Amino acid sequence: MWLWGSLTASGARPSGSLHGAGARIDLASLAGASSLGGRLEALRGRTVLVAAKDQLTSALALIELDGVVRRMVLCPPDLSADHAPAVMRDSGADAYVTDAGAAAVHGLEGLRVSSGPALQPSALARRRSHDTEWILLTSGTSGAPKLVRHTLASLTSALTAQTAPAGPLVWGTFYDIRRYGGLQIFLRALFQGSLVLASAAESTADFLARAAAAGVTHISGTPSHWRRALMSGATARISPRYVRLSGEIADQAILDSLRSAFPEAIVAHAFASTEAGVGFEVRDGLAGFPASLVGAPGAAVEIDVAGGTLRLRSAGNATDYLGAQAPALKDSEGFVDTGDRVELRDGRYVFIGRSGGVINVGGLKVYPEEVESVINAHPGVRMSLVKARRSPITGAVVTAEVVLLEGAAEAPAEEVVKGEILQACRRSLAAHKVPMTIRIVPALEVSESGKLVRPDA
Amino acid sequence: MSVRATITSLFEQVAHEQQRKLSPLSDDLRLLESGLDSLSFALIVARLEDKLGRDPFDTAESFPVTFGDFVRLYESHSR
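Going down the list, the protein sequences come from chains A and B.
With numbering that gives the first Met the number 0 as the guide, the letters of the first sequence map in order to residues 0 to 456.
With numbering that gives the first Met the number 0 as the guide, the letters of the second sequence map in order to residues 0 to 78.
Careful, some of the hints might be misleading.
As the list claims (entries may be wrong) - Away from chain B, derived, C-beta distances all over 12 angstroms, residues of chain A: (1) S9; (2) G106; (3) P120; (4) E132; (5) G307; (6) P326; (7) M382.
Stated by the list, open to error - On the chain A side, residues computed to face chain B include the following (Cβ under 7 angstroms): (8) R227; (9) S231; (10) M435.
To be verified - Straight-line alpha carbon distances no greater than 27 angstroms define the calculated DSSO-like cross-link-like pairs of lysine-lysine that follow: (11) B:K20 <-> A:K329; (12) B:K50 <-> A:K329; (13) A:K52 <-> B:K50.
It should be emphasised that the hints constitute simulated quantities derived from the structure, not laboratory data.
It should be emphasised that the depicted structure is a prediction, and the values quoted were computed from it without experimental measurement.
We put the CB at the ideal spot given by N, CA and C, even for glycine.
Taking the hints into account, I'd like the entire structure generated from these sequences.
What follows is the structure in structure tokens.
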């Protein structure tokens, strides 16, 4: 299958539109126009980084490139110049699509194609020559992204497994479509109707007003996105039939808040990850998921709990990681370990955190080791432990416990060291990775194997 | 220090730390128009929990929209 071919199967013209903050594109117009400035054929068979900043520009490129290029890499807008060369190398990219906003991303090489949300009429014949691989980026321990390989079939398996809802839908999402959660909504919207894309430059209230103007019927975001939407006081502007949460633990408080904000809507929380794909969707308004989902025979997505963490096996799983030293993505039985820890309480599994201490701040992963390496670079620090602290705003936040070097001749006051550590973190880490609080402790527990003892949740 | 004064000084402190321009804190100021982002609010809520020993969001029936709502949420929780 290929995207444009599926959208125009048996001569149909796609009826939906993509609504960006500054422009609206009717999908049907792509039949005789292109966003790639006449360079589509020059990209055929290549491996292409889709590195535009603008979401609508990237969305158009994904539609145009699927079936045409060998492999495309979906770069989120915050891909840093530090990591861009490694992403190019590990993906084998020899071309990239960029736009005015992405001009500042250095480290990209190869054939450069400028793109934008304005379509230019073009006498192109769209045809499929490749089973395009879709490469998604997800954060790794050292802060460098890991490359996760999918296909259009794996990305749409959750979509084709369920019956399509009736009538054209208008989807909206707070997510960026270059990340797995947003990409799922993008693909659903293409097959089911239209999509309203958020813009980093607009307020939550403005986005909701735009979504309302487009007649949004289905809308999705992380629990943190939704808490922010509720704080905007602007949720009354929309009246969706379906409200979806994913990407973070949906606790009972946020489910209840959304139920009362949207009494007419189905409030559903879904489990999905870049590597494991879509797991399941829960619509009963309760946190966690029914234990009956685990080990259900004949299910399209096989759900298993092993050693307290959730494992998934389905056609929605990613294929593998790309790169020379890439770890295995699946275990020997073909399951993907999601790293999400669950606990059985009264016939329901509830999410209690991540194994290995990975912290989820508003849907963004933070590896404690990356933050610790910045803290440990301070000359007054012996060791540190970075861990999660629960937050009603972003689900979790980052905190640090620090052991100072003993007996330093002119040891500066603790407050000074804390200030210096925070400054160093702010200089070299994204804002969501900077510890909220730093506690100086006399010692940290180290296991027999010489490793820091990390909390599971 | 009163709950309101504690909250006001924390808003100012966090805005300074995060290098954000804080709007004048009146009761009808919408939180999302205060100049602070979600991470700043997460920081304020975490520090308030440390200072006041409570997290009223756990049992809140609705999310605070204005600065006044935010202060009242903590004040009502202290009674």
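Results of checking the hints against the structure:
For S9 of chain A, the condition that its CB be more than 12 angstroms from all CB atoms of chain B holds, with the nearest at approximately 45 angstroms. Look at G106 of chain A: its CB is around 27 angstroms from the nearest CB on chain B, clear of 12 angstroms, so calling it non-interface holds up. Residue placement check: P120 of chain A keeps its beta carbon more than 12 angstroms from all beta carbons of chain B (closest about 41 angstroms). No Cβ of chain B comes within 12 angstroms of the Cβ of E132 of chain A; the nearest lies about 34 angstroms off, and the non-interface call holds.
The beta carbon of G307 of chain A is kept farther than 12 angstroms from every beta carbon of chain B, the shortest such distance being approximately 25 angstroms. No beta-carbon of chain B comes within 12 angstroms of the beta-carbon of P326 of chain A; the shortest separation is about 30 angstroms. Non-interface call for M382 of chain A relative to chain B: holds, since the shortest CB-CB distance, roughly 23 angstroms, exceeds 12 angstroms. A distance limit of 7 angstroms between C-beta atoms decides the matter here; for R227 of chain A the minimum to chain B is near 6 angstroms, and the interface restraint holds.
With its C-beta approaching chain B no nearer than about 5 angstroms, S231 of chain A sits inside the 7 angstroms limit, and its interface hint holds. A hinted interface residue such as M435 of chain A counts as satisfied when its beta carbon comes closer than 7 angstroms to some beta carbon of chain B; here the least separation is about 5 angstroms, so the hint holds. This hinted pair does not check out: K20 of chain B and K329 of chain A have alpha carbons roughly 47 angstroms apart, beyond 27 angstroms. Taking the CA atoms of K50 of chain B and K329 of chain A, the gap is about 45 angstroms. The hint is violated against a cut of 27 angstroms.
Taken as a hint, the K52 of chain A and K50 of chain B pair is broken in the structure, with Cα atoms around 41 angstroms apart against an allowance of 27 angstroms.
Checked against the numbered hints above, the structure violates hints 11, 12, 13; every other hint is satisfied.
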